[in-house]
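Participant: Could you build the full structure based on these sequences and the hints that come with them?
So the protein sequences, as listed, match chains B, Z and S.
All residue numbers for the first sequence refer to the working numbering, where the first residue is 1 and numbers rise by one.
All residue numbers for the second sequence refer to the working numbering, where the first residue is 1 and numbers rise by one.
All residue numbers for the third sequence refer to the working numbering, where the first residue is 1 and numbers rise by one.
Calculated from the structure, these hints are not laboratory results.
Glycine included, C-beta positions come from ideal geometry on N, C-alpha and C.
Treat the hints with care, since some could be wrong.
As the list claims (entries may be wrong) - To give an idea of the chain S side of the interface with chain B (calculated C-beta under 7 Å), a few residues:
| hint | residue |
| --- | --- |
| 1 | K398 |
| 2 | Y446 |
| 3 | L450 |
| 4 | T463 |
| 5 | V468 |
Said to hold, decoys possible - Counterexamples of contact, computed for chain Z against chain S with all Cβ distances above 12 Å:
| hint | residue |
| --- | --- |
| 6 | L38 |
| 7 | Q93 |
| 8 | C136 |
| 9 | D145 |
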Amino acid sequence: MSKFQTSIHEYLETLPLQTFNRLYQKPATCLAIFRLLPPLGKQIVMSSLYVDTPITVADMKLWFKGGAGSAKHKEAMQRLKALNIFAEERGNYTMNATFLEQFRNALTGGGNSQSFGLATSTPDKHHVDVAFLDEFATKQWEAILHYMVGTTQGSAPCAGVMNLLLRSGLMTGGHRGDAENMDVMDFASQMARQDLAPKITHKGFQFLLQDINTQVWAFLLQYLSMAESLNMDLVEVLTFFFQLGSLELGNDYSSETLTPTQTQMLEDLKAYGIVYQRKRGSRRFYPTRLATTLTSGTPVLLGSHPSASRNAAGAGRKSEEDEEDDHGFIVMETNYRIYAYTDSPLQIAVLNLFVHLRDRFPNMVTGVVTRDSIRRALSKGITAEQIITYLNAHAHAQMRKHSPILPLTVVDQIRLWEIEKNRLRPQASWLYSQFSRPQDFDSTLQYASELGVVLWSNAKRRLIAITAEGHQAVGAYVRKLIARHKEQQAAQTQQQQQQRYQQPATSVVS
Amino acid sequence: MKDTSTSEDDSNLLVIVIDTNPFEWEHPSAPLKLNQALQHILAFMNAHLAGRHDNKLAVIASHVGVSKFLYPTLNELTPGSKVQTKKDANVYQVFKVVNDAVISGISRLLQDPGPTLQEKDLGSSKIAASLSLGLCYINQAVRSDGMGHVKARILVLTVSPDSSSDYIPIMNCIFSAQKANIPIDVCKIWGEDAVFLQQAAHITEGIYMRPDDPQGLLQILMFSFLPDMFSRNYLYLPGQDQVDFRAACFCHKKIVDIGYVCSVCLSIFCSFSPVCSTCKTKFAFQPLLPSARRLVKGAASSPSSPRPSTPAI
Amino acid sequence: MSAMWEAGETITTEAPALFKKRSGTAYLTNRRLAWVPQGGLAPMVSVKHIDIKTFFVSKENAARVMVKVVENRPDTSHSFEFPSSNAAKERDEFKDAITAVISARQSRTAASTPTPGGASPLVSDASAPGTPKTLMNASRAGPSGIKRPLNGGAAAAELRVRVALLTQDKDLATLHKDLVIGKHVSEEEFWESRKHLLRNKTVMDQQQKGQSSAWLDLKPETGESNDVKYVMTPQVIHSIFQQYPAIKRKYDENVPDILSEGEFWKRFFQSRFFHRSRSGRGANEPDDDIFDRALEEDEEETKNAPKRMRLDHIDKLLDLSTTEEDHLESYTSPDSTMAAGKTKGSKEAIPLIRRFNRYAQRVLNSTVGPKRPSTGPEPFSMSGVERAIVLEDLQEQKEASRIVLDIQDTRRYFESQGGDLKSSKIPENQDPADILDQFYRDFASYRVVLNRPFTIPPSTFDTLMKDVKVNRAKMMPPQDGSQLLPPQLYQDALACHAAGNEILRHFWSSTGADKAAKYVRMVESLKKVRDENVKALLIQASSLDAACLDALKMMLKPMLGAIQKALKHAETRPKPMTRKLVQ
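Facilitator: Structure follows, in structure tokens:
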């Protein structure tokens with residue numbers, strides 16, 4: 001499951017049941033949410049979709065093979081329940097009635113919700129083709145990214161985008177002032193003063209390395225959280241997102257069926273390059289590639305496509321396979337050298353985050369990955385995994401012929417450099433000490449290790465470090481020990497005491 | 001040829017072969033009409049396409065006398081000339097394109113009875129031809145993918161009985177599919193078991209089913225035939241995997257446990273005859289015990305001459 | 001057939017016997033088995049001892065008391081019936097006598113053959129010098145499946161092997177007990193199907209440890225007070241002899257007549273010969289006439305390059321020395337880099353190189369065997385040179401002669417594969433074109449409406465669930481009988497199963513015409529297994545509990561089915577047995 005799906009999931013799972021019930025009223029939304037499910041979750045839905053009797057928990061368990069199968073089952077069921085698609089009651093699984101009905105409608109085209117987008121009835125006088133849309137989307141989206149990395153290309157994005165960037169914490173304002181409360185006008189005036197221009201944050205750097213789908217969704221989710229404060233209906237916003245995902249690239253759709261909220265959204269989405277509208281208030285809009293791939297999970301090849309605009313302007317629409325072929329531009333050698341065939345300032349700026357760039361040519365840059373360059377990136381909060389994923393995703397077609405795509409030495413070294421940074425790992429824990437009797441120590445240790453909560457122990461000094469989660473159980477156990485002990489030795493005044501110190505112990509992880 | 005590893009990020013190419021044999025569908029005892037069945041099948045196709053954005057579908061009609069692609073149609077294969085279908089805001093466009101293509105394709109197929117009437121073997125569906133088309137299509141799709149992300153499978157929805165003249169072509173298809181790791185799922189919607197296709201499913205590790213009640217076709221398709229190759233690793237599916245491998249003798253079509261096998265063409269006979277009736281090979285010796293049909297072990301004949309050897313059990 | 005009594009022949013056993021329904025007397029002499037018809041003088045039947053392959057005796061309580069002697073010549077056997085009142089005793093006498101004869105012959109064969117390591121007894125039989133006839137017979141009997149004339153009293157050696165096998169393998173012993181001691185199959189039949197076990201065992205027993213191929217490295221053990229000690233084991237001495245043939249010669253000449261063995265080795269270790277190839281201790285060895293001579297001889301040998309082996313036997317393509325003269329063209333002096341002992345540096349090295357070569361040769365001999373003169377005819381009757389320069393790939397492929405598969409009617413051929421096939425029935429009275437037309441109209445008039453609700457019978461899901469459960473059960477690891485049955489019963493059941501299968505195997509292998517008697521016996525045994533052994537087990541199980549009984553029934557079901565099938569086969573089969581035996 002790719003990253004953006006996880007983030008939508010996380011978002012959706014916070015929503016209350018009522019919201020889900022409203023969301024599921026649109027077949028397009030049902031379909032989009034269905035596509036976010038893990039494969040076996042999809043299969044469970046499909047298998048039960050036309051079963052009218054509730055399925056018993058025991059029966060469904062039988063569908064899955066033991067071991068890996070039941071693990072998958074558990075995972076899938078957890079998702080399904082979190083999304084309120086399934087509910088478990090009295091040993092039966094029942095499917096959410098709204099979802100059931102509307103998802104059946106999605107498959108068979110029933111109902112009259114018009115959620116898959118109403119096509120315009122008349123041909124557009126100013127019809128635009130796919131190439132134009134691609135160029136438009138690229139221009140808009142890259143403008144945002146350029147702004148983030150601070151390259152001067154293009155104009156500064158509009159206020160809405162700026163607001164979003166600041167609120168999502170991808171950039172911070174020039175002064176310590178709270179971006180949340182910042183008024184748009186206020187912000188614009190700050191922009192005028194160069195020294196207070198917003199700076200990219202750690203989160204922003206991480207953002208840059210993600211694939212474009214994740215980026216778009218991060219933006220949209222931020223938009224959602226803002227929508228609530230702007231008194232926009234969450235369900236309508238989400239429904240519109242999912243509807244956009246089901247539209248067809250290169251077609252124009254009528255904005256007549258949209259609610260006022262959704263019409264208002266068009267303006268914002270245009271700024272991100274997700275939809276194209278010739279002029280404000282136009283009755284038709286075009287989804288761009290960013291929109292149509294929203295729910296697909298396949299990487300869009302826009303932002304990472306330095307030559308997109310060139311190609312778009314060129315002879316004609318390239319077939320999808322061609323684009324697949326040349327979206328990679330990085331060649332990485334086992335000697336840590338990197339050759340990046342790109343002239344996009346954005347790409348170069350991103351590379352500059354973790355590569356020590358050496359030479360620059362009209363169509364390529366060369367550089368080398370060094371310990372310093374990686375540490376610089378790490379200190380910005382970028383993880384080794386993100387760097388590797390980025391390199392993997394943008395590897396040149398020549399590199400893709402090898403397996404693994406990246407040289408192992410380099411990948412390992414980058415990970416090692418990261419581990420180098422993390423030699424110490426703090427973990428909250430409880431230290432149990434001063435066991436008066438060895439058998440107390442032994443039985444406590446045994447009990448704790450059965451629970452799997454022992455971090456460290458020393459028999460000589462009778463010390464046990466217990467994880468924070470394990471403290472409750474172990475503490476109760478020790479108290480019981482003491483109590484029993486006291487009973488036994490009630491006659492004797494001698495008191496055994498076990499003291500517990502709460503102290504954040506630092507366990508050393510090598 | 002291919003690695004058999006599956007991942008949840010694979011895109012699935014499903015090739016559906018629909019048997020449109022008019023003589024079966026139009027038979028008075030048929031429990032389903034073709035258009036009823038199609039409703040189920042189309043919903044199933046949509047379910048497959050709904051699974052993933054990059055799931056692909058191809059539909060082939062196996063008619064009497066002719067076998068034809070219903071989707072993608074020839075127009076679809078050449079880029080740039082998409083069939084314009086009327087849009088409907090209530091239907092996901094991807095589904096609609098496929099559904100319309102399938103219905104209009106079948107309609108056109110039925111409109112022209114010419115090829116069907118020219119067919120010598122009236123009443124036998126072109127399953128083998130459809131399988132070949134499907135395999136070729138898959139081959140092309142897998143090759144152009146190049147990354148090994150496309151996992152293909154074939155689903156045969158059939159109502160016709162086996163046609164004996166199809167045996168060799170079907171077997172060839174089966175072995176090609178096996179070599180390319182393409183499972184062939186078979187749903188014999190009603191009627192007797194289709195033995196050849198049973199073997200196809202068995203050899204290619206696909207699923208074979210003959211539902212008791214074809215009215216619930218959609219449920220069966222969704223439950224048994226929808227899971228992709230990745231999910232199948234984790235599921236128990238209701239396939240029927242017993243295959244009748246018993247051999248019948250060529251002379252009387254009796255099922256035999258022990259019989260005589262021609263050493264040249266492997267025809268099976270329940271009793272000895274000096275000339276193989278299938279390939280006309282002459283056997284220049286007498287079996288040791290001509291009186292009873294029984295197992296002859298290590299017959300003492302010179303190794304070069306044909307002799308009855310290991311019995312078929 | 002008939003022959004006069006030979007000189008020196010003595011009769012060991014005799015008894016009145018019927019042969020081909022004629023009365024007469026059967027004799028067993030020290031040379032042969034003979035039968036003389038009543039009133040006749042010369043024996044009509046005469047079988048030399050070595051021609052007796054095996055023999056059969058009728059059952060204890062059979063109506064007629066008979067002995068059947070099978071000759072090594074294929075399909076030749078003689079049946080004698082003992083008509084007298086104490087026939088059983090007479091028959092036993094004959095049985096014992098013939099058994100003795102055969103076993104004596106067997107042990108003779110075995111004893112006269114020094115079995116070389118690794119050779120199978122079969123090979124050793126064939127190479128035994130004293131028994132050319134056995135050899136012939138054995139090879140003649142080969143194709144029909146009987147490789148070894150063996151019966152009644154098995155050769156002592158084989159008996160030993162059998163006993164060893166039985167003590168080694170507990171399961172086999174149980175089976176043996178059940179089958180042989182339970183009189184289901186004879187001892188011979190039991191082992192007949194386990195020849196490979198016997199052979200393996202014999203081979204394993206006879207395997208000798210090969211000589212060590214380790215490089216001899218004589219290292220002294222340095223004890224206290226700096227004295228040097230060499231430990232001589234037979235192994236070490238053997239290695240020394242192998243690596244230094246000169247020492248071997250000296251040893252043969254001098255020990256023990258002139259020198260004691262200890263003295264010999266002591267002098268050896270002090271000699272120049274010994275220290276020659278070792279560094280450091282060059283010249284201070286005392287003179288020693290024996291070993292100095294050995295050294296001289298050794299060096300003499302070294303100097304004279306080994307006599308050219310007969311060059312005509314050397315492959316011209318491989319002999320490097322034949323190309324020596326080729327180098328003259330490019331060098332002013334002959335190129336002697338490859339010639340032994342001609343350069344200065346190689347002189348010292350040569351003894352060592354020799355030693356290495358001798359060693360290498362020995363290792364090779366022990367692994368691939370000594371170089372043999374090429375055996376068998378040349379595959380293409382080409383000379384060596386020709387064979388080396390002909391490239392097979394460039395030769396035209398010869399078409400293998402084969403019978404071309406020519407199937408007359410493919411349709412018929414494959415019909416049987418599909419079981420009972422019938423293609424779609426088109427009603428007789430209808431025109432196919434009409435059906436097609438009707439079909440099209442039906443299809444066109446009822447449009448496919450996708451969003452009409454489906455009516456799916458609830459039973460569908462239940463059926464699917466049932467199928468899932470069935471498939472699931474199939475994939476579950478089957479429960480082992482060992483968990484379901486008490487251990488003792490489980491063991492008994494296993495033993496019964498093994499015995500049943502063994503008898504079944506014997507049964508099916510005895511369907512041949514020549515084994516009719518065994519066939520009948522096996523039928524009886526099978527019935528006995530079914531009616532006694534299995535029943536006993538079931539009774540035992542039913543006394544425990546129902547689950548146990550079911551489990552046992554499940555376990556034995558396949559075997560019982562197979563027995564049933566076999567018995568059915570026996571019923572339908574004509575009974576040639578009586579006819580055959582009487583002849």
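Participant: List, from low to high, the hint numbers that the structure doesn't satisfy.
Facilitator: 1, 2, 4, 6
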